[in-house]
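Participant: If you read the protein sequences in the order shown, they are chains B and D. Following this note's numbering, the numbering of the first sequence begins with 5 at its first residue and continues without gaps. Following this note's numbering, the numbering of the second sequence begins with 67 at its first residue and continues without gaps.
Since the hints were derived computationally from the structure, they do not count as laboratory data. Glycine included, each C-beta is placed from N, C-alpha and C at the ideal position. Watch out, some of these pointers could steer you wrong.
Some but not every residue of chain B turned toward chain D, in silico, with C-beta under 8 Å [claimed, not checked]: (1) Phe16; (2) Leu23; (3) Val27; (4) Leu30; (5) Asp34; (6) Glu38; (7) Leu41; (8) Tyr44; (9) Ser49; (10) Ala55; (11) Leu63; (12) Leu72; (13) Leu76.
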Amino acid sequence: MSAKKQTPEQDFESSLRRLEKIVEQLEQGDVPLEKSLDLYEEGISLAKTCADHLVRAELKLKRLGKDLEGNLKLFEQEEPEE
Amino acid sequence: MAAESPILTVTDLTRQIKQVLESGFASVVVQGELSNVKRAASGHLYLTLKDEGAQLSCVLWRSRASGLSFVPEDGMKVVATGRITVYEPRGQYQLDIISIRPLGLGELQAAFEKLKEKLAAEGLFATERKRPLPEYPATIALVTSESGAVYHDMLTVFRRRAPSLTVILRPAKVQGPGAAEDIASGIADCNALGGIDLLIVGRGGGSLEDLWAFNEEIVARAIASSRIPVISAVGHEVDFTIADFVADLRAPTPTAAATMAVKERAVLLAAVRAAVTALRESVQERITDSRRSIAHLVRSYAFNRPIDAVRQSSQRFDEAVRSLKTALEHRFALTRAAATALEKRMASLDPRLVLKRGYAIVSRNGTYISARADLHVDDLIDCEFRDGAVRSRVLEKK
């Protein structure tokens, strides 16, 4: 469950980096036109992913503890009081 | 006494005492004054903790003695953490010290300077050792107390600046006996878990003694060996701890640590928007460029030759169509004139025209009669005039 939810978070940084890379490539201007249109489309979709992530997300709280066998485990964490 | 007690050997009794003591005092924290401090040739440290009413034999094994941040001396007030063990051959119990720290401001200050000097000499504070903080941390772990305002304050900052974050709390004791060990194992746990981009280790303000755990060598070592970059955030702006020197970044307060850890969402959004603008502009530019070069090509002589050819043949075609049309129209006109003439001639042959001049057509049963001989008396004949017909009977042949 938590593994699934972490994917978009991990995606954020790689999406942003890929986006920056695409902009850089396009700004150098030595990409063929057709390819640059593909890159443009990919870039716009990445930008959307990034923006969606930034706008929608809500702080996720976890607690690092140990299970009965003494193995490290992440637990859901309640919002603190106050 | 009730039942008769079984007779034990000294070894049996001692073993039972050992079990009771060692399980009952597996983790104790005790304060007292040092006396009889002796360093054995083996490197182990033997000492006695005492106060007005009692004394306790203690041992600090070489492995731990070498990690001490101060030099234990007789008369020094200390707090020791450890477990009671029984040494069977001599029937003695003792405290196996796990950690020991000075108690009292003077001693603390001295210990602080001593450890700082030692770790600095090892190069633990060196700038080259500092790891860069992640630019876009997605998961941040906090090693701090859950109950303090610090956790709450940091969450407030994160919620405002970077609500897409995952925040993992590793609750840790941040003051008192066992705090340093808990903080150190918290840092180790976070490293063992994996998937964490940044660690913030800290606590709120307090006295030098309250903050002491962050001046312990075990914490300094844990920070130094962390694979995850560490921000230290201990106390207030004026408080400097050993942890601050070892950490990759020292934040003046926990709230500042949270602020330094993450970029503001608005800044990231602006970066994304700027990327989109750059994308649009560069592609727009490419399209404009391409359009310009296409226009240039279209205007070029080589490109216009085939167009000229097309234009010429289309002109020829137009001409052909035009002359064809003229020819056809001429034919039509001729045909139309011939048809009109024919019509006129046909009209002049129409038998009905004579009726207008006063003649009548005689027929019998639909057969025209043009001779007297064809008729007999009493035949019924039709006489057709210009305005209609009458039926008559032949009365006689004259």
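Participant: State for each hint whether it applies.
Facilitator: Against the structure, the hints:
Hint status for phenylalanine 16 of chain B relative to chain D: holds, with the closest Cβ pair at about 6 Å, below 8 Å. For leucine 23 of chain B, the suggested interface contact is upheld, since its CB lies about 5 Å from the closest CB of chain D, less than 8 Å. Annotation: valine 27 of chain B was flagged as interfacial toward chain D, and the flag holds, the nearest CB pair being 5 Å apart, inside 8 Å. The restraint placing leucine 30 of chain B at the interface with chain D holds, with a minimum CB-CB distance near 4 Å, inside the 8 Å limit.
A distance limit of 8 Å between C-beta atoms decides the matter here; for aspartate 34 of chain B the minimum to chain D is near 11 Å, and the interface restraint is violated. The criterion of a C-beta within 8 Å of any C-beta in chain D is not met by glutamate 38 of chain B, whose closest approach is roughly 10 Å, and the hint is violated. The beta carbon of leucine 41 of chain B is positioned within 8 Å of a beta carbon in chain D (closest approach about 7 Å), and the interface hint is therefore held. Among the interface hints, the one on tyrosine 44 of chain B holds; its C-beta lies about 4 Å from the nearest C-beta in chain D, closer than the 8 Å criterion.
Because the closest C-beta pair between serine 49 of chain B and chain D is about 11 Å apart, greater than 8 Å, the hint is violated. Interface restraint check: alanine 55 of chain B against chain D, minimum CB-CB distance 5 Å, threshold 8 Å, status holds. Hint status for leucine 63 of chain B relative to chain D: holds, with the closest Cβ pair at about 5 Å, below 8 Å. For leucine 72 of chain B, the shortest C-beta to C-beta distance to chain D is roughly 16 Å, which exceeds 8 Å, and the interface hint is violated.
A cut of 8 Å between beta carbons decides the hint on leucine 76 of chain B: the least distance to chain D is about 5 Å, and the hint holds.
Hints 5, 6, 9 and 12, counting from the list given before, are not met by this structure.
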